[in-house]
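J.: What follows is the residue order along each chain.
2 protein chains.
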Amino acid sequence: MTTTATATKQFMTSDQLLEDWQGHRNLTRRVIEAFPEKELFEFSIAGMRPFSKMALELISIGGPALKGIVESNTEAHDEESFHPKTKEEILKKWDEETEVINHYFSLITEERFQETFNLFGQYEFPVYQNILYFIDNEVHHRGQGYVYLRALGIEPPFFWERF
Amino acid sequence: MTTTATATKQFMTSDQLLEDWQGHRNLTRRVIEAFPEKELFEFSIAGMRPFSKMALELISIGGPALKGIVESNTEAHDEESFHPKTKEEILKKWDEETEVINHYFSLITEERFQETFNLFGQYEFPVYQNILYFIDNEVHHRGQGYVYLRALGIEPPFFWERF
Chain A
-19 MTTTATATKQ
-9 FMTSDQLLED
1 WQGHRNLTRR
11 VIEAFPEKEL
21 FEFSIAGMRP
31 FSKMALELIS
41 IGGPALKGIV
51 ESNTEAHDEE
61 SFHPKTKEEI
71 LKKWDEETEV
81 INHYFSLITE
91 ERFQETFNLF
101 GQYEFPVYQN
111 ILYFIDNEVH
121 HRGQGYVYLR
131 ALGIEPPFFW
141 ERF
Chain B
-19 MTTTATATKQ
-9 FMTSDQLLED
1 WQGHRNLTRR
11 VIEAFPEKEL
21 FEFSIAGMRP
31 FSKMALELIS
41 IGGPALKGIV
51 ESNTEAHDEE
61 SFHPKTKEEI
71 LKKWDEETEV
81 INHYFSLITE
91 ERFQETFNLF
101 GQYEFPVYQN
111 ILYFIDNEVH
121 HRGQGYVYLR
131 ALGIEPPFFW
141 ERF
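Taken in sequence, the protein lines are chains A and B. Residue -19 is where the first sequence starts when you use my numbering, and the numbers rise one by one after that. Residue -19 is where the second sequence starts when you use my numbering, and the numbers rise one by one after that.
A portion of the hints provided could be inaccurate.
To be verified - In the BS3-like style, the derived pairs of lysine-lysine whose C-alpha atoms are separated by at most 27 angstroms in a straight line are:
#, chain 1, residue 1, chain 2, residue 2
1, A, LYS(-11), B, LYS72
2, B, LYS47, A, LYS(-11)
3, A, LYS33, A, LYS47
The hints are simulated quantities; they were obtained by calculation from the structure and are not laboratory data.
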């Protein structure tokens, strides 16, 4: 790749990354909201997880991962301890995690973004790559949620509306 | 948001962003490859586009958008002039665009990433936001491609394998 000449250019600041991520999280919140209560927990295509399970995966990653990075704690993440029975419970937790993410993200230094960390005792990558992965993973699963909504005859929110 | 304190931190360099993007493009290429020839052009869920159309959208954005940014050309993008009939034609074009992206991306300066540009005469945002959008849009549609593959009984490539 012809990237040598670009090695020292900043692509974006950390506050710009956080704003982008929280914009994605707002959109994912609207996708959760768009599902009817029952289908959020039950609807599936081809044996894939219902969208509630994907949302729980995202909840178990973002905030807990940043906390782990800041505290240099490599404990495994916990997808099992939160068992919401309603959409409202998921959305409430989602909003709590918004603040957790803002708090811990702001504590990560510029140098730290470049340091390798064994996230959850399993994902040993530079911190910035781990954070990009959280966002990509969210966009990936949300894209699947869009197909579920279409298959349910529901118009998904606009992909470009983030705030 | 509690982002004030982070305003001057670099999140990542432009070469790191390009490497991440090309890793995503490698994975999307494998998703294109995973479709049987016929289903790539015809299979759909709930009236959505077949994956070939999504791939053509991606091809019409990345390279042409960077060229537009570098040349300050706000012409609309062209999703209509390339009409591949086979998977092989799509993959060939995909690989050509890999080089186009590397070339034009390397010509964007650090200052330019922060400047607002009216991409394709339609999307007026800072250049870094436009570029993030290309990647997000790709991850979004590829996630939909994963559902198509599952519905076809085909195991998609691992999400985390990029190179």
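J.: State the violated hints by number, sorted upward, taking the hints as numbered earlier in the document.
T.: 1
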